[in-house]
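Novice: Letter by letter, the chains look like this.
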Amino acid sequence: MKVSARNIFKGPISAIKTGIVNAEVAVSIGGNDSLVAVVTMESLNALELKTGKDVVALVKAPWVMLMSEGSDIRLSARNSLTGTVKSVEVGTVNAEVSISLPGGSEVASVVTKEAAAELGLRPGVPVTAVIKASNVILGVPA
Amino acid sequence: MKVSARNIFKGPISAIKTGIVNAEVAVSIGGNDSLVAVVTMESLNALELKTGKDVVALVKAPWVMLMSEGSDIRLSARNSLTGTVKSVEVGTVNAEVSISLPGGSEVASVVTKEAAAELGLRPGVPVTAVIKASNVILGVPA
Amino acid sequence: MKVSARNIFKGPISAIKTGIVNAEVAVSIGGNDSLVAVVTMESLNALELKTGKDVVALVKAPWVMLMSEGSDIRLSARNSLTGTVKSVEVGTVNAEVSISLPGGSEVASVVTKEAAAELGLRPGVPVTAVIKASNVILGVPA
Chain A
1 MKVSARNIFK GPISAIKTGI VNAEVAVSIG GNDSLVAVVT MESLNALELK TGKDVVALVK
61 APWVMLMSEG SDIRLSARNS LTGTVKSVEV GTVNAEVSIS LPGGSEVASV VTKEAAAELG
121 LRPGVPVTAV IKASNVILGV PA
Chain B
1 MKVSARNIFK GPISAIKTGI VNAEVAVSIG GNDSLVAVVT MESLNALELK TGKDVVALVK
61 APWVMLMSEG SDIRLSARNS LTGTVKSVEV GTVNAEVSIS LPGGSEVASV VTKEAAAELG
121 LRPGVPVTAV IKASNVILGV PA
Chain C
1 MKVSARNIFK GPISAIKTGI VNAEVAVSIG GNDSLVAVVT MESLNALELK TGKDVVALVK
61 APWVMLMSEG SDIRLSARNS LTGTVKSVEV GTVNAEVSIS LPGGSEVASV VTKEAAAELG
121 LRPGVPVTAV IKASNVILGV PA
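Protein chains in written order, with UniProt numbering: chain A, 1 to 142; chain B, 1 to 142; chain C, 1 to 142.
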């Protein structure tokens, strides 16, 4: 498998909460970080997802919102991964930002050039990557 | 809080419709416009969302679809904000479009350069920003 | 209607599965391909969606993930459309990729420049477009 998604996290499922239509699946991605995905019950069953099973969690870079100085706000998005900026590549409209997490993994985000400037994103700056659980795609070996 | 999301709407919650897993939250964003967000019941409770409470509604610019001459179609997306193009910044692949809403707020969208050309987007042109309710992140003071 | 979404599929609804809050709607988009959309029951009723009814299915290009050599993985995302790369336009940060499907339609995706290079995307290369059902917007004539 090769995917365009810049974020490919690997790890075991740490928890599953099932509903009628959807399920919430938490994946341990290293360090103390975990990523929650919302998938349909149909996918949960088709992929035979179970606690302890190793999965990949895929997130496209434009689906990652960045936040700094976030101590004064609480968000409805389920995933907040705090780390430091590793690199910023600036284009005409967009910028791609790489973030190092304490556990060793990295998060990639595409934001507007303007946003990167406003948040003062440059290597070493602390930043939080916010990801909606519904924007995480899970995969298992075929 | 500083966020990369180009769309930060502030206003009071005007209505909440609860389900078993998800809730729909309508936020008044000025003028006669409102924005509907779908959040989990868990987030609704954790953020103590109630009618009348002031919240911020965050939407990344690539999550905003633009439409013109839309009078002949009805969409499944819950949010349609009609205004006029304020500015267009064109890159190699993408273009960032700012739209002024009648109520005074602005909406930012990133579309392909090709799309901006096809829709004839330039300052003063009427355009509708379409946003799926599941792509709206709500925030409250910590 | 003119929309910024680069993916506009037209076809009849082939199946509807209803839940309490959401419904899954499958649309035949030509060839043997179909696209599944998740919409709220409210939208299903408001748009009077029924099997056989012609609809448009809209997907923004940044919502399309690309995958190659995908035979070793199964994903939670409901839609996988396999075709061949038709063209790649590369910017500073992003690249826009057009994919021809066997049934004659095309899929557009915006990925990072880096992803396009890693996947070796160039005209003629086989590739799969992965689209989450929750990222498909349905439309009907007004």
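Hints were generated in silico from the structure; no laboratory data involved.
Treat the numbers as computed from the prediction; the structure is a model and nothing was measured.
Positions of the beta carbon are idealized from the N, C-alpha and C atoms, including for glycine.
Among the hints, erroneous ones may be present.
Said to hold, decoys possible - 25 Å max Cα-Cα, derived SDA-like pairs, lysine to any residue:
1) C:K2 <-> B:K2
2) A:K53 <-> C:R74
3) C:K113 <-> A:S98
4) B:K2 <-> A:K53
Claimed, not checked - Only some residues are given here: those of chain A computed to face chain B with a beta carbon under 8 Å:
5) I16
6) I20
7) M67
8) S68
9) E69
10) D72
11) R74
12) L75
13) S76
14) A77
15) V90
16) N94
17) V111
18) L119
19) P123
20) K132
As the list claims (entries may be wrong) - A few chain B positions that, by computed beta-carbon distances, are all more than 12 Å from chain C:
21) K10
22) S14
23) A46
24) G83
25) L119
26) G124
Novice: Against each hint, give a clear statement of whether it holds in the structure.
Specialist: Now for the hints, and whether the structure bears them out:
Restraint check for K2 of chain C and K2 of chain B: the C-alpha separation of about 34 Å exceeds 25 Å, so the hint is violated. Only pairs whose Cα atoms come within 25 Å are accepted, and K53 of chain A paired with R74 of chain C is accepted, the gap being roughly 14 Å. A distance of roughly 14 Å separates the Cα atoms of K113 of chain C and S98 of chain A; the hinted pair therefore holds under the 25 Å criterion. Taking the CA atoms of K2 of chain B and K53 of chain A, the gap is near 37 Å; set against the 25 Å cutoff, the hint is violated.
Given hint, I16 of chain A at the interface with chain B, is violated; its Cβ is 14 Å from that chain's nearest Cβ, farther than 8 Å. For I20 of chain A, the shortest C-beta to C-beta distance to chain B is roughly 7 Å, which falls under 8 Å, so the interface hint holds. About 5 Å separates the beta-carbon of M67 of chain A from the nearest beta-carbon of chain B, less than 8 Å, and the hint is met. A distance limit of 8 Å between C-beta atoms decides the matter here; for S68 of chain A the minimum to chain B is near 5 Å, and the interface restraint holds.
A distance limit of 8 Å between C-beta atoms decides the matter here; for E69 of chain A the minimum to chain B is near 5 Å, and the interface restraint holds. The beta carbon of D72 of chain A is positioned within 8 Å of a beta carbon in chain B (closest approach about 5 Å), and the interface hint is therefore held. The closest approach between the C-beta of R74 of chain A and any C-beta of chain B is roughly 5 Å, which is under the 8 Å cut-off, so the hint is satisfied. Given the 8 Å rule on beta carbons, the hint for L75 of chain A holds: about 5 Å separates it from the nearest Cβ of chain B.
Taking 8 Å as the C-beta contact cut-off toward chain B, the hint placing S76 of chain A at the interface holds, the least distance being around 4 Å. The interface hint given for A77 of chain A holds, since its Cβ lies 5 Å from the closest Cβ of chain B, which is under the 8 Å cut-off. Hint status for V90 of chain A relative to chain B: violated, with the closest Cβ pair at about 11 Å, above 8 Å. Hint status for N94 of chain A: holds, given a least beta-carbon distance of 6 Å to chain B, under 8 Å.
Taking 8 Å as the C-beta contact cut-off toward chain B, the hint placing V111 of chain A at the interface holds, the least distance being around 4 Å. Residue-level restraint check for L119 of chain A holds (minimum Cβ-Cβ distance to chain B is 5 Å; threshold 8 Å). Because the beta carbon of P123 of chain A sits about 17 Å from the nearest beta carbon in chain B, more than 8 Å, this interface hint is broken. Checking K132 of chain A against chain B: minimum C-beta separation of about 7 Å stays under 8 Å; hint holds.
The beta carbon of K10 of chain B sits about 25 Å from the closest Cβ of chain C, which is more than 12 Å, so the claim that it is off the interface holds. Distance check on S14 of chain B: its Cβ is at least 17 Å (rounded) from any Cβ of chain C, clearing the 12 Å threshold; non-interface status holds. The claim that A46 of chain B lies off the interface holds: its Cβ sits roughly 20 Å from the closest Cβ of chain C, which is beyond the 12 Å cut-off. Interface exclusion of G83 of chain B from chain C stands, the closest Cβ pair being 14 Å apart, more than 12 Å.
At roughly 5 Å, the least C-beta separation between L119 of chain B and chain C is not larger than 12 Å, which violates its mark as non-interface. For G124 of chain B, the non-interface assignment is confirmed: its Cβ lies about 16 Å from the closest Cβ of chain C, beyond the 12 Å cut-off.
The earlier numbered hints that this structure contradicts are 1, 4, 5, 15, 19 and 25.
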